[in-house]
Each structure stands twice: as structure tokens, then as C-alpha cells.
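> Sequence:
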Amino acid sequence: MKDRGFISKYGLFATIIVTVVGVGVFSLPNRMADEVGTDGWLVVIIAGVICFLLLSLIYRVVLKNNYNTFYSMLEDNLGSLLGKLFGIIICIYFIFSVALGMREFAEVIKMYLLEQTPTEFILLAMIFTGLYLVRGDLSALVKFNEISFFAMFIPILIILVFATRGGYLTNVLPLLQSRPEQYLKGLTTATYAFGGFEIAYLVLPYIKDKDGIKKTFFKSIAVITAFYAIVIILCLMFFTKEHTKNLLWPTITLIRAIVIPGAFIERWEGIVMALWVLFYFTTFVNMYYFSGDIVKEAFKLHDIKLSSALIAPIIYIIALYPQNIAEVYDTSSKITPILSAFSFIILPLILLFTSKLKGRGTNKNEG
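Per the working numbering, the sequence shown starts with residue 452, numbered consecutively.
One should not assume that every hint holds.
Unchecked claim - Distance ranges between label pairs, derived from CB positions: (1) 754 with 496: 38 to 44 Å; (2) 608 with 575: 17 to 23 Å; (3) 613 with 750: 47 to 53 Å; (4) 628 with 677: 21 to 27 Å; (5) 627 with 580: 42 to 48 Å; (6) 566 with 774: 14 to 20 Å; (7) 754 with 459: 21 to 27 Å; (8) 575 with 796: 16 to 22 Å; (9) 786 with 590: 40 to 46 Å; (10) 564 with 809: 51 to 57 Å; (11) 598 with 496: 25 to 31 Å.
Claimed, not checked - Here are the simulated EDC-like pairs of lysine to aspartate or glutamate, each with C-alpha atoms no more than 16 Å apart in a straight line: (12) 809 with 527; (13) 636 with 485; (14) 460 with 632; (15) 809 with 526; (16) 756 with 588; (17) 670 with 597; (18) 460 with 662; (19) 561 with 571; (20) 747 with 526; (21) 460 with 571.
Please keep in mind that the hints were generated in silico from the structure rather than gathered at the bench. Computed from a predicted model, the values in this text were never measured in an experiment. Glycine residues also receive a C-beta, built at the ideal position from the N, C-alpha and C atoms.
Given only the sequences and the hints, what does the whole structure look like? Please build it.
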């Protein structure tokens with residue numbers, strides 16, 4: 452990876468989308484209906500605007516640091532000790548995110564597909580598969596993301612088109628009925644659903660054409676926002692607000708309930724689970740790679756093969772720690788807000804401030 456400039460604009464676009472859109476999309480309608488009722492899709496659009504601004508902030512940081520790698524920026528701006536500390540905090544955030552997401556993934560697989568398969572086996576299978584892909588270089592990972600984008604979104608969009616047949620648009624009404632504090636809580640939840648866009652730190656230093664990066668950011672966030680909004684609207688149309696609140700994974704229930712006249716597929720569970728695996732795996736493998744890259748640089752390890760192997764047992768232990776899916780969500784609600792605030796806002800602002808303080812940066816290729 453010493454040769455800079457091997458990632459295309461499409462590679463950046465696909466990497467951001469497949470990293471952000473993980474298994475959370477399957478429970479997002481439930482959380483939004485519970486917090487803001489029928490206004491969930493509007494809140495998601497506002498959250499998308501906020502996340503685009505946060506991505507633009509990351510771009511400013513990378514631009515100011517002349518497209519250096521993430522850990523190099525930490526060390527150059529904060530010094531060796533503080534840079535290592537901040538790098539480890541971000542690594543912990545990624546590890547907790549993928550571990551808890553993996554446990555959620557395993558619980559759904561057990562419920563709908565592999566009822567007799569031990570949770571431990573599902574977790575180990577996912578970790579070893581991810582470990583195999585992560586052991587390659589970044590270019591291989593980006594190529595995987597480029598392929599996965601179409602493999603994920605073409606089938607799911609075709610399936611969701613048929614969801615409109617049994618729904619009623621009036622179920623999305625009335626709008627703007629929640630209290631201000633409910634909108635604030637819902638906006639926070641919706642913003643967390645965009646977690647993973649920090650992968651831009653990893654990818655930006657290796658972009659081939661540095662013109663129009665912010666346009667690529669806008670396109671990627673627009674696709675994610677539109678996808679989230681469509682899923683929420685369809686769940687409300689099909690189930691109503693009250694029923695959506697009572698469904699743990701409304702998106703899965705929606706897809707399972709779809710009936711296509713004349714279709715030769717009798718049960719959708721297999722297709723749904725195949726999509727579920729891909730939606731989680733792309734998030735997992737990208738954040739896993741980023742974590743391994745940070746550990747490699749922080750502890751001066753030989754390559755990412757060793758650092759990713761060291762992280763694997765930690766992911767496994769954290770994923771097994773919750774006793775059930777309720778504990779997974781409870782643990783996530785306690786940890787995610789703090790670490791997300793640090794990763795989304797505090798860290799990029801600190802890096803931007805210290806970069807300007809030290810007089811770094813260039814205005815070339817901006818935008």
C-alpha cells in the first residue's frame with residue numbers, strides 16, 4: 452500500500468455505503484417509530500444532512516494534513532503518547548460496534564435460519580471469514596466493497612418494491628406530532644445509524660483522483676439517507692406506527708410478509724438471511740480492517756495480519772458477553788453515545804484545530 456492513489460471515486464462511494472448500512476437498518480424502523488412515531492423518515496433526512504457535514508469535517512482534517520494516514524495524523528498533531536491513546540479509543544469504539552453488531556447478527560440467524568446452531572459457532576465462522584479477507588491489502592477490501600454494493604442493494608430494492616402492494620400511505624400520517632425532546636432523541640438515534648462513515652479516514656489517503664471528493668461524499672450519504680427513509684416509510688405503510696413499535700426487526704418481518712404473484716419462491720427466509728449476512732459482513736470487515744490498521748501502527752507491528760489476529764479474540768469475548776438480545780441493545784445504548792460523540796465530533800475538531808495551530812495543510816484539490 453505504499454503506492455498512493457489506487458482507489459477510485461466509486462471505490463470511496465461504495466466503501467462508505469456498505470460500511471454504514473449494516474444490520475442496524477433492520478431494527479431502525481422500530482427505534483424511530485418508538486421515539487418519533489411517523490416522523491422517523493423526516494428525522495433520518497435531517498440526520499443525513501448532519502452526517503454529510505461531519506464527513507466534510509473529516510475531509511477538511513485529511514486535507515489539512517496533506518492526505519496522511521489516520522494514525523500519522525494522530526501522531527503528527529497530538530504527539531506519540533496522546534496520538535496512541537486517541538487511536539486506541541477509536542479502535543475500542545470500532546471493536547465494540549462490530550462485536551455487538553455480530554451478536555445481533557447471530558441472534559437473528561439463530562431465530563430465523565439456524566435454530567440448533569450454537570451462537571459460538573456462528574460468531575467464530577464470521578470472525579474467521581473476516582480475518583481471511585482482512586489479511587489482504589486495502590485494495591482487495593475496496594474491490595470487495597465495490598462488488599458488495601450491487602450484490603446488497605439490487606436484490607433488496609427489488610424486494611422492497613413489492614412491499615408497496617400491501618401498504619397504505621395514510622399510515623405515514625399525521626406528521627410533526629412529537630415533542631421537541633422526542634425529536635432530539637430520535638435525531639440522536641438516527642445519527643448513530645450512520646456510524647461507520649469514519650472509514651473515510653482510512654480510504655481518503657489512497658484516493659486516485661482528489662477532485663470532487665465532497666460530491667462523492669454527498670452521493671454516498673444521499674443513497675444511505677434515501678434507503679433508510681424508504682425502509683422506514685414502507686414499514687409504517689405496511690404495519691402502522693403502533694405495530695412497528697412492537698416488532699424487534701420490522702424490516703425482516705416486512706420482507707418475509709411479501710407475496711409476489713406467480714413467483715416460484717415459496718419462502719423468503721433464505722434470501723433475507725443471505726442479505727442479512729452480507730449487510731453485516733461488509734460493516735464488520737471494513738471496521739475490523741480499520742481497527743487492525745490502527746493497532747498495527749500504534750504498536751509498530753509488522754503487518755495487519757498480526758494485529759487483526761490479536762483483535763479477533765477480543766471481538767469474540769465482547770460478542771458473547773451479553774446474555775440475550777435485550778442486553779445487546781442495553782449495552783450498546785450505554786457505550787455507543789459516548790464513543791460516537793468522540794469519534795463523530797470531538798476527534799475531528801481536535802485534529803482540525805491542532806492542524807491549523809501548527810500551520811499545516813493545503814487548499815489544493817478542495818471539493
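> Hint says 25 to 31 Å; check whether the CB-CB distance for residue 598 and residue 496 agrees.
Given a distance of about 29 Å, which is inside 25 to 31 Å, the answer is holds.
> Going straight from one Cα to the other, do residue 460 and residue 632 come out at no more than 16 Å?
Judged against 16 Å, a Cα distance of about 39 Å means the pair is violated.
> Does 21 to 27 Å hold as the CB distance between residue 754 and residue 459, or does it fail?
Holds - the Cβ-Cβ distance for residue 754 and residue 459, about 25 Å, lies within 21 to 27 Å.
> Indicate whether the distance between the beta carbons of residue 608 and residue 575 respects the range 17 to 23 Å.
With a Cβ separation near 32 Å, residue 608 and residue 575 fall outside 17 to 23 Å, so the hint is violated.
> Honestly, do residue 627 and residue 580 meet the 42 to 48 Å range at C-beta?
holds (45 Å)
> So if I understand the rule, the pair passes when the alpha-carbon distance is 16 Å or less; does residue 636 with residue 485 pass?
With Cα atoms ~10 Å apart, residue 636 and residue 485 stay inside 16 Å; holds.
> Could you see if the CB distance from residue 786 to residue 590 stays within 40 to 46 Å?
violated (32 Å)
> Using the Cβ atoms, figure out if residue 613 sits within 47 to 53 Å of residue 750.
With a Cβ separation near 50 Å, residue 613 and residue 750 satisfy 47 to 53 Å, so the hint holds.
> Need the status of pair residue 747, residue 526: alpha-carbon distance at most 16 Å?
holds (14 Å)
> Please work out if residue 460 and residue 662 have their alpha carbons no farther apart than 16 Å.
holds (9 Å)
> Can the suggested window of 16 to 22 Å be confirmed for the beta-carbon pair residue 575 and residue 796?
violated (35 Å)
> Do the Cβ positions of residue 564 and residue 809 conform to the proposed distance bound of 51 to 57 Å?
holds (53 Å)
Violation of the numbered hints given earlier is confined to hints 2, 8, 9, 14, 21; the remaining hints are satisfied by the structure.
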